[in-house]
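Chain order of the listed sequences is G and H.
No gaps in the numbering here: position 71 of the first sequence is 71 in the numbering used here, and each next residue is one more.
No gaps in the numbering here: position 51 of the second sequence is 263 in the numbering used here, and each next residue is one more.
Some clues are possibly wrong.
Unchecked claim - Which stretches of chain G does chain H cover? Using the computed rule of at least three CB atoms under 8 Å from a CB of chain H, they are: (1) 56-64; (2) 80-93; (3) 98-105; (4) 120-127; (5) 134-142; (6) 155-167.
To be verified - Facing chain H, according to a computed beta carbon distance under 7 Å, are these residues of chain G, among others: (7) Val-27; (8) Ala-31; (9) Asp-74; (10) Ala-114; (11) Phe-185.
The set of hints was computed from the structure by calculation and includes no laboratory data.
A quick note: this is a predicted structure, and the numbers were derived from the prediction, not measured.
Heads up, the beta-carbon is just placed ideally off N, CA and C, and yes, glycines get one too.
Now for the letters of each chain:
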Amino acid sequence: MDIELIPRQQAVRVLVLLDALARVGLVPTWARALHELAYLANVLSPVFDLMPFDAKLLKRSSGPYYPELQLAIDHLVGGALVDALSVEYRYLEDDKRYSVVASYRLRRSLVQAALDRHTEVSPEEALFMRELASAYSVLSDEQLGRAGLEDARYADRSVDVDNVIDFGEYASPSKNFSRNAALAFAAGRRLEPAERLYLYLDHLRVRVSHVG
Amino acid sequence: MSAKPSTDAGAWTAELDQLTSAWLSGQGSDTDLPESLRFLLAIRRLTLSRECEPDCEFDRAAAMVLVPPVFFESPPDGTRRRPLLNNGNYSLTGQLHFLNVAATGRSLDYAGDEGAMFDALQQTKADTLPTVVYAPKPGGHSKLSWYPKGIRDEANVMVIPVAVEEPTAALITQAIDGVYRGDLITPDLVPTHDSPWKKAGKGWASDHAEMQVQRTIKLGLHGRFPTCRIVAEQPGKDGRTDIEVVGDFGVAPGAVTNFAVLELKVLREKGSTGITYSAKDIAEHIDNGVTQAYTYGADRNFRERILCCFDMRASNTGATIVFAPIQSKANDLGVNLRFWFLYRSSARYRKCKVAAQLTGG
Numbered sequence: 001m002d003i004e005l006i007p008r009q010q011a012v013r014v015l016v017l018l019d020a021l022a023r024v025g026l027v028p029t030w031a032r033a034l035h036e037l038a039y040l041a042n043v044l045s046p047v048f049d050l051m052p053f054d055a056k057l058l059k060r061s062s063g064p065y066y067p068e069l070q071l072a073i074d075h076l077v078g079g080a081l082v083d084a085l086s087v088e089y090r091y092l093e094d095d096k097r098y099s100v101v102a103s104y105r106l107r108r109s110l111v112q113a114a115l116d117r118h119t120e121v122s123p124e125e126a127l128f129m130r131e132l133a134s135a136y137s138v139l140s141d142e143q144l145g146r147a148g149l150e151d152a153r154y155a156d157r158s159v160d161v162d163n164v165i166d167f168g169e170y171a172s173p174s175k176n177f178s179r180n181a182a183l184a185f186a187a188g189r190r191l192e193p194a195e196r197l198y199l200y201l202d203h204l205r206v207r208v209s210h211v212g
Numbered sequence: 213m214s215a216k217p218s219t220d221a222g223a224w225t226a227e228l229d230q231l232t233s234a235w236l237s238g239q240g241s242d243t244d245l246p247e248s249l250r251f252l253l254a255i256r257r258l259t260l261s262r263e264c265e266p267d268c269e270f271d272r273a274a275a276m277v278l279v280p281p282v283f284f285e286s287p288p289d290g291t292r293r294r295p296l297l298n299n300g301n302y303s304l305t306g307q308l309h310f311l312n313v314a315a316t317g318r319s320l321d322y323a324g325d326e327g328a329m330f331d332a333l334q335q336t337k338a339d340t341l342p343t344v345v346y347a348p349k350p351g352g353h354s355k356l357s358w359y360p361k362g363i364r365d366e367a368n369v370m371v372i373p374v375a376v377e378e379p380t381a382a383l384i385t386q387a388i389d390g391v392y393r394g395d396l397i398t399p400d401l402v403p404t405h406d407s408p409w410k411k412a413g414k415g416w417a418s419d420h421a422e423m424q425v426q427r428t429i430k431l432g433l434h435g436r437f438p439t440c441r442i443v444a445e446q447p448g449k450d451g452r453t454d455i456e457v458v459g460d461f462g463v464a465p466g467a468v469t470n471f472a473v474l475e476l477k478v479l480r481e482k483g484s485t486g487i488t489y490s491a492k493d494i495a496e497h498i499d500n501g502v503t504q505a506y507t508y509g510a511d512r513n514f515r516e517r518i519l520c521c522f523d524m525r526a527s528n529t530g531a532t533i534v535f536a537p538i539q540s541k542a543n544d545l546g547v548n549l550r551f552w553f554l555y556r557s558s559a560r561y562r563k564c565k566v567a568a569q570l571t572g573g
C-alpha cells in the first residue's frame with residue numbers, strides 16, 4: 001500500500017465503520033467498539049474474499065486498538081466531519097498514561113457523498129461492513145468493546161500481551177484463526193458469506209456471556 | 213468462495229464441533245435481495261421465532277419500521293437498543309421497532325391500543341417510512357400488514373400471514389402463478405432492463421430471458437417460503453441447478469430437507485437478433501429439461517423435481533400439446549411439468565382472453 005495514501009484510506013475507513021455502526025443503531029459509537037469492529041473487519045474480511053486492511057496489531061490486555069485509526073478519527077473530528085461526544089480524560093492501563101476517550105458520530109450531511117462514492121467504488125466492501133456491523137449489533141452495550149478479547153485469533157494463547165498478532169502480514173493467512181473458525185460453521189452446507197458473519201458474532205457473544 | 217477452511221481455529225479450536233453443527237437462522241442468507249423484501253423476510257422470521265416461544269404475547273399490535281441510518285443518529289426519546297430482538301426470546305408487542313434491513317435497531321414502548329400505535333408512528337415521524345404492522349393472534353392466525361410507503365399511504369397495504377407452509381409442488385406452482393400474473397404475463401409489467409423480451413412486439417426474446425425469469429421466480433419463492441433457502445445456480449457434478457428450495461433454517465444440522473429443484477426453460481421462437489428456433493430445437497430443449505430436472509433431483513435427493521416452461525412463442529397451444537412428446541418420460545421419472553405462457557403485449561393478452569371465453573377454452 002502506498003504510504004502517502006494510508007492516512008486518507010484510514011480516514012475513509014473510519015467513515016465507513018461509523019456509517020455501518022450507525023445503520024444498526026450503534027450511534028454514537030464508543031471508541032473501543034469502533035476499534036473492535038475495525039479488528040473484526042480485518043480478521044473476517046477473507047470470508048468475503050476481501051483483503052484485510054491491516055493484518056497485524058499489537059495485542060493489548062484491554063482489546064484491539066489501532067493508533068493509526070485513532071489518529072484518523074482525531075483528524076476527522078478536527079476537520080468537523082465527525083462529532084466527538086462524551087469526551088473524558090481517562091487513565092489507560094495499557095499505555096500507562098492519560099488519554100482522551102470519547103464516542104463518535106458522523107456529521108452525515110458532510111460525509112454522505114463520500115460514503116455514497118465509496119459504495120459505488122467498493123460495493124463488496126460496503127456490503128461486508130454493513131453485514132458485519134449488523135452481526136456485531138447482537139452484542140449488548142456491556143459486551144461492546146470487550147468482545148474482541150474472546151475472538152478466535154485475539155484470544156489465542158500463542159501470542160502474549162504486548163506482542164504482535166500477525167494473521168497475514170508476514171505470517172501465513174492460515175494463521176487467521178478467526179477466518180478459519182468462520183469457515184468452519186455448518187460443515188458441508190453451502191452458506192452465504194454474510195451468514196458466516198452472523199454465526200461468528202453469535203458464537204462470540206455466547207463466549208463473552210460466559211466470561212461475564 | 214476461494215478460501216478453504218483450516219481446522220486451526222485458535223482459541224476456538226476446542227469448540228469446532230459446535231461450529232460445524234451450528235443451527236442456521238437465515239440471517240445473512242439473503243443479501244442479494246431488494247431491501248424491502250429482505251426486511252419483510254427478516255420480520256416474518258422474527259415474528260415466527262417469537263411465536264414458537266411458550267411465553268409469546270398475543271395481546272397488542274407492534275410496528276416494525278425500516279429506517280434510514282440518519283434516523284438512529286437522532287432517535288426519538290425513549291428508544292432503547294434491543295440486541296437480541298432477532299432470537300425470539302423477547303417481547304415484540306406493544307412496541308414500535310425501528311430497524312434496518314436485517315431487523316436490528318431500537319425499540320420504543322407505546323401506551324394504548326392500535327390507534328395509539330399509529331399516533332406514535334406519526335409522532336416519531338415514522339409514518340412515511342416502510343412499515344410492517346404485526347397483528348398477533350394465537351393458533352397461527354397472526355397477520356403482517358406491509359405498508360411500503362408508510363402508514364400515511366394507508367391504501368397501499370399488503371396483508372401477509374405470519375404462518376408458513378411447507379413447499380410442495382402445488383404450493384410452489386401457486387407461488388410461481390402469483391409471480392407470473394404480477395410480473396411476467398405481459399411485457400408491460402416490468403421495466404425494459406428486467407424484461408425477458410428484447411423486442412416484445414416482434415416476439416424477440418432477450419439473451420438474458422432465462423436469467424430474468426429465474427430472478428423473478430426466485431424473488432417470488434423467497435416471499436412465499438421465508439424459512440427456506442432459495443438458491444440459484446448451485447454447481448454439482450451433474451451441472452448447475454436453476455433454483456433449489458431447501459429447508460435448512462431453524463432445524464438441526466441432520467434435519468435439512470431438500471424440498472424441490474426447479475429446472476426453468478424459456479421456449480423461444482425468435483432470439484434477440486430475430487433468428488428463428490425450429491420446433492425440433494424447442495422440443496429438444498424441453499426434453500433436456502426433463503432429463504436435467506430428474507438428474508438433479510435424483511442426485512441431490514430432492515423431494516420434488518419440477519420442469520417450469522415459460523413459452524414466449526407466438527401461439528399459446530397449451531401445456532397438453534407442448535408437453536405431449538415428453539409427458540410419459542416425465543411421468544416415469546417423477547418430474548412435474550408446469551407451463552406458463554408469456555404474451556407479447558397486453559393487447560394480445562386481451563384478445564386471447566376474449567377468444568378463450570368465446571370458444572369456452
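How the hints compare with the structure:
1. 56-64: violated (count 0)
2. 80-93: violated (count 0)
3. 98-105: It is violated, with 1 qualifying residues against the three required.
4. 120-127: violated (count 1)
5. 134-142: Result for this restraint: holds, n = 7.
6. 155-167: holds (count 4)
7. Val-27: holds (5 Å)
8. Ala-31: With a closest approach of 17 Å, the G/Ala-31 hint is violated.
9. Asp-74: With a minimum Cβ separation of about 20 Å from chain H (threshold 7 Å), the hint on G/Asp-74 is violated.
10. Ala-114: Violated, about 14 Å.
11. Phe-185: holds (5 Å)
In this structure, the hints that do not hold are numbers 1, 2, 3, 4, 8, 9 and 10, in rising order.
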